[in-house]
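**Q** Sequence:
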Amino acid sequence: MWRSILARQRCAVLRNYNANYGSQIQVPLSNLILNPTNSTTSNSLGFPQISYLSNTINNPRFLSNQIATENDVPIDSKTDLENGDFAVHGIRVENDDVDEFGNGIELVEKVGEIDEEQQVYQIDEEKLEKVVSLLQSSADGSFESSLDQLNLSLNQDFVIKAIETIETVFVENLVRFFKWAWKENSLEVTTQVVEPFVMICNSGGSLTDKDVYSLWDLVKEIGEKEDGVVNVTILNELIRSFSKLGKGKAALEAFEKFELFRCVPDADTYYYTIGVLSRRSDFDLACSVCQKMLDAQIIPGGEKIGGILSCLCKGEKAKEAHAVYTAAIENKKYPPLSSVNFLVKNLSHKNETVQLALEVLNDIPTERRRRAIKPFTAVVRALCRIKDVDSAKELVLKMIADGPPPGNAVFNFVITGYSQVGEMGKAVEMLRLLESRGLKPDVYTYSVIASAYSNRGEMEEARKILEEAKKHHLKLSPVMYHAIIRGYCKLEQFDEALELLPEMKDFGERASAHEYEKLIQSLCLKALDWERAEKLQEEMKEKGLHLKGITRALVRAVKEAEKEAVEAQNDTLVS
Numbered sequence: 001m002w003r004s005i006l007a008r009q010r011c012a013v014l015r016n017y018n019a020n021y022g023s024q025i026q027v028p029l030s031n032l033i034l035n036p037t038n039s040t041t042s043n044s045l046g047f048p049q050i051s052y053l054s055n056t057i058n059n060p061r062f063l064s065n066q067i068a069t070e071n072d073v074p075i076d077s078k079t080d081l082e083n084g085d086f087a088v089h090g091i092r093v094e095n096d097d098v099d100e101f102g103n104g105i106e107l108v109e110k111v112g113e114i115d116e117e118q119q120v121y122q123i124d125e126e127k128l129e130k131v132v133s134l135l136q137s138s139a140d141g142s143f144e145s146s147l148d149q150l151n152l153s154l155n156q157d158f159v160i161k162a163i164e165t166i167e168t169v170f171v172e173n174l175v176r177f178f179k180w181a182w183k184e185n186s187l188e189v190t191t192q193v194v195e196p197f198v199m200i201c202n203s204g205g206s207l208t209d210k211d212v213y214s215l216w217d218l219v220k221e222i223g224e225k226e227d228g229v230v231n232v233t234i235l236n237e238l239i240r241s242f243s244k245l246g247k248g249k250a251a252l253e254a255f256e257k258f259e260l261f262r263c264v265p266d267a268d269t270y271y272y273t274i275g276v277l278s279r280r281s282d283f284d285l286a287c288s289v290c291q292k293m294l295d296a297q298i299i300p301g302g303e304k305i306g307g308i309l310s311c312l313c314k315g316e317k318a319k320e321a322h323a324v325y326t327a328a329i330e331n332k333k334y335p336p337l338s339s340v341n342f343l344v345k346n347l348s349h350k351n352e353t354v355q356l357a358l359e360v361l362n363d364i365p366t367e368r369r370r371r372a373i374k375p376f377t378a379v380v381r382a383l384c385r386i387k388d389v390d391s392a393k394e395l396v397l398k399m400i401a402d403g404p405p406p407g408n409a410v411f412n413f414v415i416t417g418y419s420q421v422g423e424m425g426k427a428v429e430m431l432r433l434l435e436s437r438g439l440k441p442d443v444y445t446y447s448v449i450a451s452a453y454s455n456r457g458e459m460e461e462a463r464k465i466l467e468e469a470k471k472h473h474l475k476l477s478p479v480m481y482h483a484i485i486r487g488y489c490k491l492e493q494f495d496e497a498l499e500l501l502p503e504m505k506d507f508g509e510r511a512s513a514h515e516y517e518k519l520i521q522s523l524c525l526k527a528l529d530w531e532r533a534e535k536l537q538e539e540m541k542e543k544g545l546h547l548k549g550i551t552r553a554l555v556r557a558v559k560e561a562e563k564e565a566v567e568a569q570n571d572t573l574v575s
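For the sequence shown, my numbering assigns the number 1 to the initial residue and increments by one for each residue that follows.
The set of hints was computed from the structure by calculation and includes no laboratory data. Careful: at least some of the hints might be erroneous.
Said to hold, decoys possible - With a straight-line Cα cutoff of 25 Å, these simulated DSS-like cross-link-like pairs (lysine-lysine) come out: (1) K179 / K130; (2) K247 / K304; (3) K257 / K292; (4) K543 / K559; (5) K387 / K333; (6) K332 / K244; (7) K563 / K543; (8) K127 / K161; (9) K225 / K244; (10) K179 / K225; (11) K161 / K130; (12) K374 / K319.
What the hints assert, rightly or not - Distance ranges between label pairs, derived from CB positions: (13) T191 / G301: 25 to 33 Å; (14) K543 / G457: 44 to 52 Å; (15) Y444 / K559: 37 to 45 Å; (16) Y213 / I123: 26 to 34 Å; (17) E330 / Q355: 50 to 58 Å; (18) E468 / A565: 16 to 24 Å; (19) K440 / E564: 55 to 63 Å; (20) V232 / K127: 31 to 39 Å; (21) K225 / M199: 17 to 25 Å; (22) Q192 / R370: 16 to 24 Å; (23) E126 / P196: 41 to 49 Å; (24) E499 / P365: 31 to 39 Å.
On a predicted model such as this, the values are computed, not experimentally measured, just so you know. Idealized CB from N, CA, C, for every residue including glycine.
Turn these sequences into a full structure, and let the hints steer you where they fit.
**A** Below is the structure:
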């Protein structure tokens, strides 16, 4: 540093001299000798002596009053002067390096630059070893006093070398050392020192809450007192550490310091902050950070944007996640397919976001659709749930054309949807489309259609579906039989209903107490046929089925009522 100051002083003196005396004194270059070899004749600032072979100038503002004689000039120098060249401190200077008056201004400036370049801070290896040993030892109350006893001459290079040399990281020691160097030894704190310091502190495998908070307190203090030192990398590293420890509020505090420290958050800043807030279930705060990210148009890419989508969806913030997804697509930041699938699934859960889920499906490229059967199935099911079955059918047709190929579950959702809204023609049409795709309708498919027909009183169509199901399946569902029996009972077609009871056994099903009870109640209430009701009751006992007491009482009441009616009629006839 002192050499740099001296070099600048040399240049200033020569420039002042040229300005004041250059026009008054004209000395030929051949009469000017710069002699650095005679150390006894150099001035206190280390300037080369300037001598004249004639016309000695005794000016008090000149660099030196001593005059060298011609005999003091080395033979080689004389030869160089005669050739118009000369040397200063081993540097060759030709005529182009001086002006017409022989002023070597550029030469002296070059000398100063070389002196600055040659200035190297020498690290005391012995003291460095002692500091490193102290940093790796257990901290106690004498830590700072031990540092004082070393009489260190601190420099940024020494501090960086010390923290980079340690093998075992004790964050408490590092923080105390840095505070001691900064506050008590006036260490010049710059980004080049603080950034590696923070990185090394966070590299320890056993980072504790106390370590991170003490480091954060130091960085905050530096940022408040040293303008422009704390940068994005430092703050991101701290947010990442808070994220590892699950400290959402501390990470948010660090995020909010960006504006104070005049830093601009980057994609990593938003990613780590949103992640830790979501893990702490602070989804409202996470959404507010997401909104700032969208306003700044700084969108992470790849796995990171996928992680943000997943975090928001887990907190039931699917609508906000869709806004992040849309911004990512607009900025050509494409999330992984797994994250898109998860987003679609969560958008499908609520009726008001089903259309958004359908929009996301349309963004999936054709070549990636074959691995996206789950989100397509979820959207088809959601569309049927909100009674938009026609849109579900259109999506199925698109799946057939572009993929992924729909399976039985997808067709069943649409068939069920049409059956629930009473559009049986379209339901059967989807059944035939399923068969044309080489798929075999399952028992559920037939049961849904047969039940829908039975509820509408179209028993003939329901029976056709039952017969078709018998051809394709050896074992049928009791739901189908129950629906058809109930339909017959509504129409008081009890004989047809009773025919189905023994048939159930042939197809691997056993009539339940529910079927028997439904038939018995219908026989008693509508047909007043207590005799067949009693037969069914006896049949239930043989099969080990229990009939509810209220139903047994109903059978007795109908039987007694009929007997009373018969007796009353007989009495009338007798009278």
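**Q** Quick one, are K332 and K244 close enough, alpha carbons at most 25 Å?
**A** Given that 25 Å is the threshold and the Cα spacing comes to 29 Å, the pair is violated.
**Q** Decide if the proposed pair is consistent with the structure: K374 and K319, CA atoms, cutoff 25 Å inclusive.
**A** OK: K374 and K319 at ~19 Å, within 25 Å.
**Q** Given the hint that K563 pairs with K543, test it: the Cα-Cα distance must not exceed 25 Å.
**A** violated (29 Å)
**Q** Is K247 close enough to K304, meaning Cα to Cα at most 25 Å?
**A** Given that 25 Å is the threshold and the Cα spacing comes to 19 Å, the pair holds.
**Q** Taking 16 to 24 Å as the stated bounds, is the beta-carbon spacing between Q192 and R370 within them?
**A** violated (52 Å)
**Q** Is the hinted pair K257 and K292 satisfied, with a Cα-Cα distance of at most 25 Å?
**A** Cα-Cα ~14 Å, so holds.
**Q** Does K130 sit within 25 Å of K161, going by the straight-line distance between their CA atoms?
**A** At roughly 13 Å apart (the allowed maximum being 25 Å), K130 and K161 satisfy the hint.
**Q** Would the pair K543 and K559 pass a check requiring their Cα atoms to be no farther apart than 25 Å?
**A** It holds: about 23 Å lies between the C-alpha atoms, which stays within 25 Å.
**Q** Is the distance from the Cβ of E330 to the Cβ of Q355 consistent with 50 to 58 Å?
**A** With a Cβ separation near 19 Å, E330 and Q355 fall outside 50 to 58 Å, so the hint is violated.
**Q** Assuming the hint says 31 to 39 Å, is it satisfied by the Cβ distance from E499 to P365 or not?
**A** With a Cβ separation near 55 Å, E499 and P365 fall outside 31 to 39 Å, so the hint is violated.
**Q** Take the C-beta atom of K440 and the C-beta atom of E564, compute their distance, and say whether it sits inside 55 to 63 Å.
**A** holds (56 Å)
**Q** Would the hint linking K179 and K130 be met if the CA-CA limit is 25 Å?
**A** holds (18 Å)
Violation of the numbered hints given earlier is confined to hints 5, 6, 7, 9, 14, 17, 18, 22, 23, 24; the remaining hints are satisfied by the structure.
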